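A.B. asks: Which chain is which? The protein sequence lines are F and R, in order. Take the first sequence: its letters are residues 1 to 137, numbered as in the numbering used here. Take the second sequence: its letters are residues 1001 to 1669, numbered as in the numbering used here.
There could be a bad hint or two in this list.
[As the list claims (entries may be wrong)] Within a straight-line C-alpha distance of at most 25 Å, the following computed SDA-like cross-link-like pairs (lysine to any residue) qualify: (1) F:K29 / R:H1540; (2) F:K81 / R:M1656; (3) R:K1304 / R:P1334.
[What the hints assert, rightly or not] So the derived list for chain R, only partly shown, Cβ under 8 Å to chain F, looks like this: (4) Y1460; (5) T1462; (6) G1532; (7) F1535.
Hint data in this document are derived by calculation from the structure and do not stem from the laboratory. Source: prediction; values computed, not measured. Positions of the beta carbon are idealized from the N, C-alpha and C atoms, including for glycine.
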Amino acid sequence: MSFTPNIVGFACQWCTYAGADLAGNLRAKYPPSVKLIKVPCSGRVKPEYVLEAFARGADGVLVGGCHFGDCHYKDGNYKTKNRTDMLSQLLEDMGFDPRRFRQEWISGAEGQKFAQVITEFTEELQELGPNPLGGQE
Amino acid sequence: MAKIGVYVCHCGSNIGGVIDVSDVREYAEGLPDVALARQDLFMCSDSGQELIKQDIRDGKVDRVVVAACTPRTHEPIFRGACEKGGLNKFLFEMANIRDQASWVHGQDPEGATAKAKKVVSSAVGKARNLEPLEEKYVDVTDAAMVIGGGIGGITAALELARMGHKTYLVEKDPSIGGRMAQLDKTFPTNDCSACILTPMMVEAYSHPNIETLCYSEVEDVEGYIGNFKVKIRQKQSYVNWDKCTGCGACAEKCPGKAPDEFNEGLSMRRAAFIMFPQAVPKKAVIDMNACINCAGRTIGSEPKVNAKTGNPILAPCEKACPAEAINRSLMLDPNGTIKEIEVGSIITATGYKVMGKENFKEMAPDSPNVITALQLERLISATGPTGGKLLRPSDHEKPHTLTFVSCMGSRDKNFHTYCSRFCCMYMIKQARLLKEKYPDLVINMHFIDIRTAGKDYDEYYTGARDMGINFFKGKVGGLDMLAGDKLRVNAYDMENGETIEYESDLVILASAVEMSDGTTELAQKMGLQFCGSKFFRELHPKLGPVETAVSGLFLAGCCQGPKDIPDTVSQAKGAAAVAAVPLAQGKVKIDPTISEVVTEKCSGCGICEPLCPYGAITMKKVDGKPRAMIAISSCKGCGVCTSACPSSAIQLHGYMEEQILEQIAALTA
Ligand code: FES
Chain F
1 MSFTPNIVGF ACQWCTYAGA DLAGNLRAKY PPSVKLIKVP CSGRVKPEYV
51 LEAFARGADG VLVGGCHFGD CHYKDGNYKT KNRTDMLSQL LEDMGFDPRR
101 FRQEWISGAE GQKFAQVITE FTEELQELGP NPLGGQE
Chain R
1001 MAKIGVYVCH CGSNIGGVID VSDVREYAEG LPDVALARQD LFMCSDSGQE
1051 LIKQDIRDGK VDRVVVAACT PRTHEPIFRG ACEKGGLNKF LFEMANIRDQ
1101 ASWVHGQDPE GATAKAKKVV SSAVGKARNL EPLEEKYVDV TDAAMVIGGG
1151 IGGITAALEL ARMGHKTYLV EKDPSIGGRM AQLDKTFPTN DCSACILTPM
1201 MVEAYSHPNI ETLCYSEVED VEGYIGNFKV KIRQKQSYVN WDKCTGCGAC
1251 AEKCPGKAPD EFNEGLSMRR AAFIMFPQAV PKKAVIDMNA CINCAGRTIG
1301 SEPKVNAKTG NPILAPCEKA CPAEAINRSL MLDPNGTIKE IEVGSIITAT
1351 GYKVMGKENF KEMAPDSPNV ITALQLERLI SATGPTGGKL LRPSDHEKPH
1401 TLTFVSCMGS RDKNFHTYCS RFCCMYMIKQ ARLLKEKYPD LVINMHFIDI
1451 RTAGKDYDEY YTGARDMGIN FFKGKVGGLD MLAGDKLRVN AYDMENGETI
1501 EYESDLVILA SAVEMSDGTT ELAQKMGLQF CGSKFFRELH PKLGPVETAV
1551 SGLFLAGCCQ GPKDIPDTVS QAKGAAAVAA VPLAQGKVKI DPTISEVVTE
1601 KCSGCGICEP LCPYGAITMK KVDGKPRAMI AISSCKGCGV CTSACPSSAI
1651 QLHGYMEEQI LEQIAALTA
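Use the sequences and the hints to build the structure in full.
C.D. replies: Here's what the structure looks like:
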């Protein structure tokens, strides 16, 4: 399977973004499918951004935040969870495979986990094939 | 139109060894609004930075993108270069093509190069929409707070006080001193713990710049570096500390009993008690969970009257107190009192606890003769329950054979994978002290490894071997309870490759060091994060060992990870030095990457108001209509409100909607 899915990742600067840096320090290997957009907190991610990425043809979207209780801004990630739960439901209702959208809690200490999540997500997307919206807006 | 300069770094071979840097540079040059693209072996070197500065000075670029390592370490460096070149430093963006590309996709150089191009294009997209931002300065409250009154907290508070800064030392127990106060002697010099600690406790308590708040806990923390508002709850002691002289008469008369925490539960204390003889401050408290309300004297009740004498019938504690510090008729609030304190920086030094023996089922935790090393510390201390005599808890007989078991819960996948760092040394210390005092004792120590990395530590260990203490490399599989309160030790001796079995009178478990109770709640109040090992996360494992991700909050001692007294003291002095920086400067910068309401767009729906974790948003009337307002000194820039605003009226500077949308567009192009 030669298809490399394109994953847009929104990564909290305190946890998942730092976890991705740590994966680098550890030289953990994962496919070059994901490209991160750094956000201050996962709570900065508007659900619309996820939809926008899909509309533009992203094969997968990841929102990475801190574990509960670890959010740098106390409870921003709880708000993220509310939004992303709703969003998954919405995607499903619209007939769009919600497996293309992932919410993950990856801390700055979890470099290996970041690599693992990306590897698994990439494999899953390879099975699902390219985004059916194919990038037409 | 923006003139973006893109600078692609080889980082030696770190990036260049995987990613085709020239290809990325060429690609960048073709992106819209890119005025020029360069490459350099090390962009962060002086010559690399000079490239940026010169291009700015020459008027060639007015936005800068560096494609290199991570902004988490290098953004400040390149922003500094922009500033020196004469460009607003917020007109800078970084593309992470090392940590998040070349280092992780070495198996796929082509894929890595393709990804690097996208990431650069995303950064260029963001840069196109960057806006200059202005840093504001606010005045600093010249005071510090140290949370935790153990050796780390005391040291840090003293240093700050000596530098001339008012310092609040907050301790949850009735006395400062912490774990070190419980210790008998300290390695590797065997000096008496109390003898070196007590003078420091007294000095801190009586220092004119230090205000000690004992029996107090942090209720809430608000604000930011330079201007924290901390609510401290002073727990209800039921004793008027202004009057209490610490004579202990109440404790002598009190019939209520509870396990003595200071003696690690090896003895009982009274409901009215003084924490330990050298307590500072030496004040009594009444533990209402243990108090039996003698003479029906519940707090706030009127005393009964003796029919014969007409005198009120008081509880023994009240009657005993010569200073009239106890008055149970007063309606005292069981929640204590709240005190609000303003400080410029905070050091957390909340210490540790050790795992209890009940966690280790195979180690006969039901036997009273299985104890933790901290309990042994109390057993051999002159202020302990046996006055310093080694007596086994079951029958107060002198033991003949002693067993030490190391790494209980440490370096163990089932509990904690980390090493608790100071157990090897304190076990050797305890063994040495006991062998000196009781030469006929048989002491068997079981280790996985012996770790004695510290000044004069290994000599201390070899000295112990010469004293006739037996060391076994290998694990203890378990203990069996035998008749006569003895224990059978089943162990493995790796050196001789055989199992060993023998009877022991007292077994000491060196159990793992863990975060103190209540630390998780404290972390939430302060916005601190934990590392994988469940200790507070420092800003950088090597270069920021006392700082945290929250500016103005610092760490000292075991709350950041297990460490012994010398290391704790060093770290505390370091923490005091950095905590004093904002106080000495008198002003701090406010990060401008915070949220702002575009009042014209705001519909006044109020959705944002309750979402703000810091209560920074209020609804104010503008021309008679409600409009959201954000207090710049309270906003921390999380963007939670920005994402929720249905009118897109709240912008988060540095993470603006247009910027993010450009990034999405670039990544999906
Ligand atoms: S700071 Fe990471 S999710 Fe809020």
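A.B. asks: Indicate, hint by hint, whether the structure satisfies it.
C.D. replies: Evaluation of the provided hints:
Restraint check: the Cα-Cα separation between K29 (chain F) and H1540 (chain R) comes to about 23 Å, which is no more than 25 Å; the hinted pair holds. For the given pair, K81 (chain F) sits about 21 Å from M1656 (chain R) by alpha-carbon distance, which is consistent with the 25 Å threshold. Distance check on the hinted pair: K1304 (chain R) and P1334 (chain R) sit about 22 Å apart at the alpha-carbon level, within 25 Å; holds. Given the 8 Å rule on beta carbons, the hint for Y1460 (chain R) is violated: about 33 Å separates it from the nearest Cβ of chain F.
Because the closest C-beta pair between T1462 (chain R) and chain F is about 37 Å apart, greater than 8 Å, the hint is violated. For G1532 (chain R), the shortest C-beta to C-beta distance to chain F is roughly 4 Å, which falls under 8 Å, so the interface hint holds. Checking F1535 (chain R) against chain F: minimum C-beta separation of about 11 Å lies over 8 Å; hint violated.
Comparing the model with each numbered hint stated earlier shows that hints 4, 5, 7 do not hold.
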